[in-house]
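Enquirer: Residue strings, one per chain:
There are 2 protein chains.
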Amino acid sequence: MAARMQRRWLIADRPLGRALRDTDFRLADAPVHEPGAGQVRVRTLFLSLDPSQKGFMENVASYAQATATGDVMPGTGVGRVVASGIESLPSGTLVRGELGWQEEPVIDASRLTLLPEGVPPTAALGAVGMTGRTAYFGLLHVGRVQPGDTVVVTGAAGAVGSIVGQLARIAGARVVGIAGGPDKCHVLVRELGFDAAIDYRSEKVRTRMRALCPSGIDVLFDNVGGSLLDDGLARLAPGARVVICGAIARYNADPRDAAQLPPGPQNYFNVVFTRSTISGFLVQHFESQYVEADRRLAAWHADGRLKSLVDVIDGFEQAPRALMRLFERANVGKQLLRIEEVTA
Amino acid sequence: MAARMQRRWLIADRPLGRALRDTDFRLADAPVHEPGAGQVRVRTLFLSLDPSQKGFMENVASYAQATATGDVMPGTGVGRVVASGIESLPSGTLVRGELGWQEEPVIDASRLTLLPEGVPPTAALGAVGMTGRTAYFGLLHVGRVQPGDTVVVTGAAGAVGSIVGQLARIAGARVVGIAGGPDKCHVLVRELGFDAAIDYRSEKVRTRMRALCPSGIDVLFDNVGGSLLDDGLARLAPGARVVICGAIARYNADPRDAAQLPPGPQNYFNVVFTRSTISGFLVQHFESQYVEADRRLAAWHADGRLKSLVDVIDGFEQAPRALMRLFERANVGKQLLRIEEVTA
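Protein chains in written order, with the numbering used here: chain A, 1008 to 1351; chain B, 1008 to 1351.
Just chain A, same shape as in the assembly (with noise of 0.2 Å):
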């Protein structure tokens, strides 16, 4: 008998210093596999879309495990269980994990969670997942947020942009999102509680900032460097914190080639003048605490404080198209590709 087949994502060549093509992917059949003893098999219902899987596959970050060309494309996702070799996981059960591009992959259940109590896949993905644990240690332990800071965020509409808005505002603080389009500044504010959003394309984002921080920025989150994050760190109150998240400016370039990255913040002078610190994070640096950030953003999405911006695209075959998204900064809120509709 023929074996079942399924359908992988492979990486077929490596994006280094310019933009996402099609043809960086490939899509392939593979036989569907019987689990082993503590593996499960998956169905694959929503993957999760993050500007670092193009760094996973040029290959150069150093916290990232190596990829070659013919991989499987590695990403998140969540999946439910549909054939079980460990009891603790039968089938039926909704899991978290790294199940690569594919449909129905076998994984060792050690490699995998259970979804938070209570908690949607699409959360589950983005304001209760990683993205909210990056929000969370960013702007909490990273920008050290205080009751009545001023906060600047930028790609605010994006997926760590929209989580951290909405805890800035948790902690006491008062927060202006910066994006692209009177539609994501309209969501930041009448959605998500932001104080103020300032649309970079149309906008003089330093009047506007002037404006909006009178007294300056206490802190800084910034993801997408470039002359935004300039404009801010023209307008840093003293002691102003600015966290280094992201830099959406820059994923197109080869960080290798100074000629191909984009120019550097030329006010970073101004940390001086106002006794500022610029520090950078990733939320693996922080493990550790994983537990507790999980749990407190579990409670503020059960009790509706932190909203879940998601921006859902259908079907396994969009996966590339998912993910370029990011880089043209389309997508609003967490990126999301959703493989099949769950079913309760």
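Mixed in with the good hints, there may be bad ones.
Same chains, same names: a pair is fine if it fits in one copy or spans any two.
Distance condition first, Cα-Cα at most 25 Å in a straight line; then the derived DMTMM-like pairs of lysine to aspartate or glutamate [claimed, not checked]:
1) K1314 <-> E1124
2) K1211 <-> E1347
3) K1211 <-> D1264
4) K1211 <-> D1261
If you're looking for bench data, these hints aren't it; they were derived computationally from the structure.
Just so it is clear, the structure is predicted and the values come from calculations on it, not from any experiment.
Knowing the structure of chain A, use the given hints to seat chain B on it.
Expert: For chain B alone, kept in the frame of chain A given last:
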């Protein structure tokens, strides 16, 4: 009877957005006054030259008192009391303070301090003065240097840099200095005990850094900015502290004009992968801890572990020239102007 006259240097023009010129200064005569109650008249012996003085003339720095053309050029110095209106500072006393560029100013005694016990005037303006304090707080408090750290200092043969390197050694760290030219590099290693020096004029800085800092840079103490800062950012160790103290590469630009400023540090994003921080400070932020710093700096200076490297130009009329040397990167160690020999 005609009043006795002294000479003073006045600000004649604002050097904003350009290098200093001779015509920015004007030498003028002014009458010598008698001190009132609580005042002393001082004969200026040494003046300290500091890059921040150009900023004072430009009148754009928020942290400094406003100046106007026609004002006496501000500047710190050491002088000897020659007429006193206060018992606590009798004639003959050596004092340190904001004397301005004038040969025989009358100053409120409350604005002057005695020289630390056993510290000669040159060191009182250098290793055991504001320069020493800047190095001390920048390296120990902002940079949080630890025994075994690898410290890299840019502008290492400058006033602050030459102290930073010695303090790093005292703290049990390895220190690599970056300076321009073989003479400066020789001084760092042979006279001041640096572990190594890189001549940025003739050597490939990144290649040398890789060889000299195989485990990366734990503390990067930057007095220069520009490409040297970028080179250091490319080589940070995990958890590195980057201390922004100066940026001689920027001081001839108008900070409000992006077109004039040198490029920002393209490699700033490495703080993410290395979970590092870039921190600015002004020594004034640590004013409450000056007493302790002075005590320790004076002790290290007294026992010969902290050398005061000074570059002395003679003659009151040379004051503008002495200041310009800083921006030409001509000085080796602390730049001082000697107006009169000190006789004990």
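Enquirer: Each hint should be assessed against the structure and marked as holding or not.
Expert: These are the hints, each one checked on the structure:
no.: 1; hint: K1314 <-> E1124; verdict: within (16 Å within a copy, 64 Å between copies)
no.: 2; hint: K1211 <-> E1347; verdict: neither (43 Å within a copy, 55 Å between copies)
no.: 3; hint: K1211 <-> D1264; verdict: between (31 Å within a copy, 16 Å between copies)
no.: 4; hint: K1211 <-> D1261; verdict: between (30 Å within a copy, 21 Å between copies)
Checked against the numbered hints above, the structure violates only hint 2.
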